[in-house]
Amino acid sequence: MKVEIHSPESGTEPRFLVEQQPALAIALGPGSIEIGLHRSKMKRFTYSTGEMRLSPHHLEKWFRTDDLHVVMIAISEPALVAVATHTLPGSAYASAYAF
Numbered sequence: 001m002k003v004e005i006h007s008p009e010s011g012t013e014p015r016f017l018v019e020q021q022p023a024l025a026i027a028l029g030p031g032s033i034e035i036g037l038h039r040s041k042m043k044r045f046t047y048s049t050g051e052m053r054l055s056p057h058h059l060e061k062w063f064r065t066d067d068l069h070v071v072m073i074a075i076s077e078p079a080l081v082a083v084a085t086h087t088l089p090g091s092a093y094a095s096a097y098a099f
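Here the sequence shown is numbered in this note's numbering, starting from 1 and rising by one per residue.
Just so you know, the hints here were simulated from the structure itself, not pulled from any lab data.
Treat the hints with caution; some may be incorrect.
Calculated pairs, SDA-like style, for lysine to any residue (alpha carbon to alpha carbon, straight line, at most 20 Å) [claimed, not checked]:
| no. | residue 1 | residue 2 |
| --- | --- | --- |
| 1 | Lys61 | Thr46 |
| 2 | Lys43 | Pro56 |
| 3 | Lys43 | Val83 |
| 4 | Lys41 | His58 |
| 5 | Lys61 | Ala82 |
| 6 | Lys43 | Phe63 |
In this text, all values refer to a predicted model and were calculated from it rather than measured experimentally.
All chains, full assembly: derive it from the sequences and hints.
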């Protein structure tokens, strides 16, 4: 399993982004972000401290983080699939929650 942590810079101008792998964003404080498939069709989302959002990978999007500071944890797709299906190899969690 591969996990990366980074914090995108805030900015007032929209930027184009394509995540290479799924990422979990955690708000470090209250704030908002604007996201959209087109620069002209961006929507504002407001988050409180500690709220999380799962960003899909390979999705081209425009975004702007005026006042939102986040930590993003990139998680490999095989790790997400393993958790979703409870099949982490050698994990007590996998055996305890197997269906």
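Hint check:
1. For the hint linking Lys61 to Thr46, the alpha-carbon distance of about 18 Å falls within 20 Å, and the restraint holds.
2. Restraint check for Lys43 and Pro56: satisfied, since their Cα atoms lie roughly 17 Å apart, inside the 20 Å limit.
3. For the given pair, Lys43 sits about 30 Å from Val83 by alpha-carbon distance, which is inconsistent with the 20 Å threshold.
4. Straight-line distance between C-alpha atoms of Lys41 and His58 comes to about 19 Å, which keeps the hinted pair within the 20 Å bound.
5. Taken as a hint, the Lys61 and Ala82 pair is broken in the structure, with Cα atoms around 27 Å apart against an allowance of 20 Å.
6. Restraint check for Lys43 and Phe63: satisfied, since their Cα atoms lie roughly 9 Å apart, inside the 20 Å limit.
Hint compliance for this structure: hints 3 and 5 are broken, all remaining hints hold.
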